[in-house]
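Counting in our numbering, the sequence shown runs from 28 upward without gaps.
Treat the hints with caution; some may be incorrect.
[Claimed, not checked] Estimated spans, in silico, between C-beta atoms of each pair:
#, residue 1, residue 2, range
1, G156, V299, 14 to 22 Å
2, D76, I155, 34 to 42 Å
3, G111, V46, 46 to 54 Å
4, V364, G427, 18 to 26 Å
If you are wondering where the hints come from, they were derived from the structure by calculation, not from laboratory data.
Backbone N, C-alpha and C fix where the C-beta goes; we use that ideal spot for every residue, glycine too.
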Amino acid sequence: MSTRKQIHIGATGLTLLLVAFVFAVIVSNQLFKGVRFDLTENALYTLSDGTRRIVRDIDEPINLYFVYSDKATEGIPTLRDYAGRVREMLEEIADASRGNVRLSIIDPLPFSEDEDRAAQFGLQGAQIGLTPDPVYLGLAGTNGIGDEEAIAFFQPDREASLEYDIAKLISTLANPDRTVIGLVSAVSMAGQFNPQMQQAEQPWVAYQQAGQLFEIRDLGTSFESIPEDIGLLWIVQPKGLSSTTQYAIDQFVMRGGKALIFVDPVATVDAVQGQGMPPTGQPSDLPLLFEGWGIEFDATEVVADAQLALTVNSAFGNRPARHYGYLGITGDLVSAVDIVTMELTALNAAMAGRFGVADDSELTFEPLVTSSTNSTTMPASRFAFLPDPTELQRDFDAGGEALTIAARVTGTLQSAFPDGKPAPAATPDTDPAPETDPEDLQDHAGESLEPANLIIVADVDMLSDPMWVQVQSFFGQQIANAFAGNGAFLVNALENLAGSSDLIAVRSRGSYARPFTKVNELRIEAEARFLETQQRLEQELADTEQRLGELQASRDDTGSLLLSDEQQAEIDRFISQRASIRKELRAVQRGLDQDIDDLGTRLKVINIGLVPLLLTLGTLLVVWRRKRRDTV
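My request is simple: use the sequences and hints to build the entire structure.
Spelled out as structure tokens, the structure:
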């Protein structure tokens with residue numbers, strides 16, 4: 028065969044191979060269109076079922092505008108990575124919507140029409156780093172009737188709630204009507220006239236914030252039915268509700284209604300002035316409902332926590348003291364996976380109770396806020412009149428268990444009224460209560476028609492202004508400065524429960540950033556050792572002070588200011604021991620640094636030395652086997 032003919036055959040083969048490759052690509056794109064494999068640890072690129080249902084059930088198309096300064100972020104790789112993450116999430120949502128979500132990508136160059144449009148949407152350009160132009164990274168959406176919603180700027184530290192934020196924006200545009208919240212409260216959060224001060228009290232800031240987002244309708248505390256347009260019940264300090272009122276709440280929940288419930292063993296905002304006695308906080312409970320639903324709550328117990336105790340002004344001696352009933356709850360004691368609490372770093376509570384579920388309950392009980400393990404419960408009566416909070420410390424015995432102060436309860440609930448609507452209670456002026464009307468049984472729901480979703484909180488005081496916000500008057504305008512996340516907790520809970528069941532199902536996701544978990548573990552272990560040594564030092568100091576006091580009291584010359592030999596010896600012993608303990612503290616800190624350095628050294632040896640060595644050996648092994656095969 029001639030050389031020319033061989034070249035011709037080779038060229039023909041390459042052409043046919045190229046055509047076959049192009050054909051295979053086209054066929055695979057059609058056959059496997061939309062097929063993806065998410066191999067990330069937290070399924071970062073897989074939409075939740077709730078988001079898929081939201082975008083597929085949209086009646087009219089939603090337009091989304093992803094406004095991202097691609098050119099202005101060329102020198103900011105971390106922000107570009109996160110922008111890519113947001114864009115991929117939006118593209119995944121648009122693809123899953125089957126045309127219900129239309130996505131447009133906009134790069135708002137300076138002084139362009141796109142930048143003007145971004146400003147009209149309410150999006151914010153931020154000056155980041157040394158970039159001369161503002162950086163946009165936001166999302167705007169519109170629906171068919173002209174409503175607009177926007178996420179002004181995608182904060183990278185909110186990555187875990189990225190899918191929820193986008194799904195919430197879409198859900199709001201798809202369902203633009205404001206949710207009507209039914210308020211059931213024995214305390215006046217909306218403000219009322221104070222006869223003692225002869226002036227009107229301002230509404231609670233928490234109530235005002237909720238009113239900006241929802242339509243709040245006061246249902247009172249005595250009713251037999253709940254209007255059909257109520258989308259969510261907000262129950263606060265339900266004190267002495269009748270069985271018929273509790274039945275109305277029960278049936279609302281059985282028929283798919285959501286509820287946010289605040290009860291309290293000692294509600295200081297609902298204090299009663301006794302004759303010759305200081306005001307006493309009142310308890311609240313839903314005994315029929317909680318027992319019937321399998322939720323455990325004891326209105327006679329208060330959570331006391333030695334680790335979280337806040338310092339308050341004591342009436343005893345007019346000095347500050349740590350109060351084991353006032354809790355400053357830190358971020359590590361709130362759920363990091365529930366969208367309601369995942370970003371909260373601090374909550375304040377006062378004389379809170381605790382929740383649990385019955386042993387035979389099939390409900391899903393997810394703690395949202397807990398005490399520390401250095402906590403226990405005490406009788407509520409001990410907190411009724413407590414001039415000296417330090418009395419709580421005398422017989423305090425920690426149970427070693429974190430107690431649940433707030434929780435989410437989901438699942439199938441059994442009605443707390445298995446026999447149907449209760450008969451109205453008889454009064455002294457009427458005949459005995461009539462029996463239940465058979466017609467009421469026909470409308471009775473014996474169990475929840477769809478999985479229930481409740482958020483229950485064992486503290487009412489946390490909603491009051493003094494617990495979380497400082498209100499100041501600025502030229503006649505009330506300015507609220509929050510020092511705790513109580514208000515954010517309330518708004519998050521209301522927004523979450525007021526959304527559709529699909530939106531509630533969208534929880535926080537993982538982060539594509541991979542933290543140094545081993546380093547964090549080493550740091551936590553070292554901090555635990557440091558704290559243990561520090562507590563030992565503090566205990567030694569307390570013991571020495573007590574010993575010095577005993578020696579001073581036992582002296583005959585009690586008026587003398589000079590130290591006795593025993594007192595001087597005790598002080599010298601403590602000074603010597605304190606120096607030794609401080610040396611241990613420094614050793615613990617140095618040990619932490621050394622452990623981290625050793626870990627870093629091992630990683631460097633593996634990455635720089637071991638991995639290349641293994642690759643080299645593997646390559647040499649392959650070459651040796653080929654040569655051996657060619658020789659044979």
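field: In rising order, the numbers of the hints this structure does not comply with
entry: 1 and 3
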